[in-house]
Amino acid sequence: ELKVEQNPLFLSMQEGKNYTIYCNYSTTSDRLYWYRQDPGKSLESLFVLLSNGAVKQEGRLMASLDTKARLSTLHITAAVHDLSATYFCAVDGYGGATNKLIFGTGTLLAVQP
Amino acid sequence: ETGVTQSPTHLIKTRGQQVTLRCSSQSGHNTVSWYQQALGQGPQFIFQYYREEENGRGNFPPRFSGLQFPNYSSELNVNALELDDSALYLCASSSGPGANVLTFGAGSRLTVL
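Note that the protein sequences, when read in sequence, are chains B and H. Under the numbering used here, the residues of the first sequence are numbered 1 to 113, in order. Under the numbering used here, the residues of the second sequence are numbered 114 to 226, in order.
Read the hints as simulated data drawn from the structure, not as lab findings. Heads up, some of the hints might be wrong.
Stated by the list, open to error - Only part of the chain H face toward chain B is listed, based on derived beta-carbon distances under 7 Å:
#	residue
1	G155
2	F158
3	N213
4	G220
Stated by the list, open to error - Over 12 Å on every C-beta distance to chain H, these chain B residues come out as not near it, computed from the model:
#	residue
5	Q6
6	P8
7	Q14
8	E15
9	Y19
10	T28
11	E44
12	R70
13	L71
14	T73
15	H81
16	L83
17	G93
18	K100
Virtual Cβ for every residue (Gly too), placed ideally from N, Cα, C.
All chains, full assembly: derive it from the sequences and hints.
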């Protein structure tokens, strides 16, 4: 059974600091997704990583993928309060590129002023 | 271009009742997937519809069923509601089962009393 684990589950950080969220998955997968979810809201797509060594950046967020280690990271640079949200990683869970996603448990990020 | 729309946004049912949730896919998208997100958890894949046929199913019992219509909109039906069915139900559409972009709707929040 494919498992996707994130850590930490909860992250409280100060504005201006850097931190990394880790996403480990248990079997091979063609794609790795990162989503943001604000309380009571739907999922907003942040990144789709398609190959080993892929790196994508958008603003203060940068995601990378190491398929050999089955690890993705989401790095936050100089955090601001607006980044407070829950972040999920997800992989294609049912073989190949099917977009039937298995999500991690989520990381609740709270950025304190 | 309209996004994914879901209805109703909120509803309350009692144990044993049945519920139907609706989803209109984004323009140009022919594939619809449904996810269940319990409070504090990551979304869980329920099933996917493509060309009006079920195209993969997660670990959900048969009382969870669905339909896709010729205009690619979709319904999720849940029979014999249980308390644990209380969750946010998310619909996601894509331009095909292998597409690497999923667009999520705002969700339908179901409370079972």
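Hint by hint, here is what the structure shows:
1. At a threshold of 7 Å, the smallest CB-CB gap from G155/H to chain B is about 3 Å, leaving the interface hint in force.
2. Interface restraint check: F158/H against chain B, minimum CB-CB distance 5 Å, threshold 7 Å, status holds.
3. At its closest, the beta carbon of N213/H sits 5 Å from a beta carbon of chain B; the interface hint therefore holds under the 7 Å criterion.
4. At its closest, the beta carbon of G220/H sits 5 Å from a beta carbon of chain B; the interface hint therefore holds under the 7 Å criterion.
5. For Q6/B, the requirement that its beta carbon stay farther than 12 Å from each beta carbon of chain H is not met, with the minimum near 8 Å.
6. Taking the minimum C-beta to C-beta distance to chain H, about 15 Å, the non-interface status of P8/B holds against the 12 Å cut.
7. Even its closest Cβ contact with chain H, about 24 Å, leaves Q14/B beyond 12 Å, as expected for a residue assigned away from the interface.
8. Consistency note on E15/B: stated as away from chain H, and its beta-carbon is indeed over 12 Å from all of that chain's, at 25 Å minimum.
9. In this structure Y19/B is separated from chain H by more than 12 Å, as the shortest Cβ-Cβ distance comes to about 20 Å.
10. Remark: the non-interface label on T28/B is consistent with the geometry, its nearest Cβ contact in chain H lying 16 Å away (cut-off 12 Å).
11. In this structure E44/B is not separated from chain H by more than 12 Å, as the shortest Cβ-Cβ distance comes to only about 8 Å.
12. Distance to chain H confirms R70/B as a non-interface residue, since its nearest Cβ pair spans about 17 Å, more than 12 Å.
13. At roughly 17 Å, the least C-beta separation between L71/B and chain H is larger than 12 Å, which holds for a residue marked as non-interface.
14. Non-interface status of T73/B relative to chain H is upheld: no Cβ of that chain comes within 12 Å, the nearest being about 18 Å off.
15. With a least CB separation of 22 Å from chain H, H81/B remains clear of the 12 Å interface cut-off, as annotated.
16. Every CB of chain H lies more than 12 Å from the CB of L83/B, the least distance being 19 Å, so the non-interface label holds.
17. The beta carbon of G93/B sits about 7 Å from the closest Cβ of chain H, which is not more than 12 Å, so the claim that it is off the interface is violated.
18. Interface exclusion of K100/B from chain H breaks down, the closest Cβ pair being 5 Å apart, not more than 12 Å.
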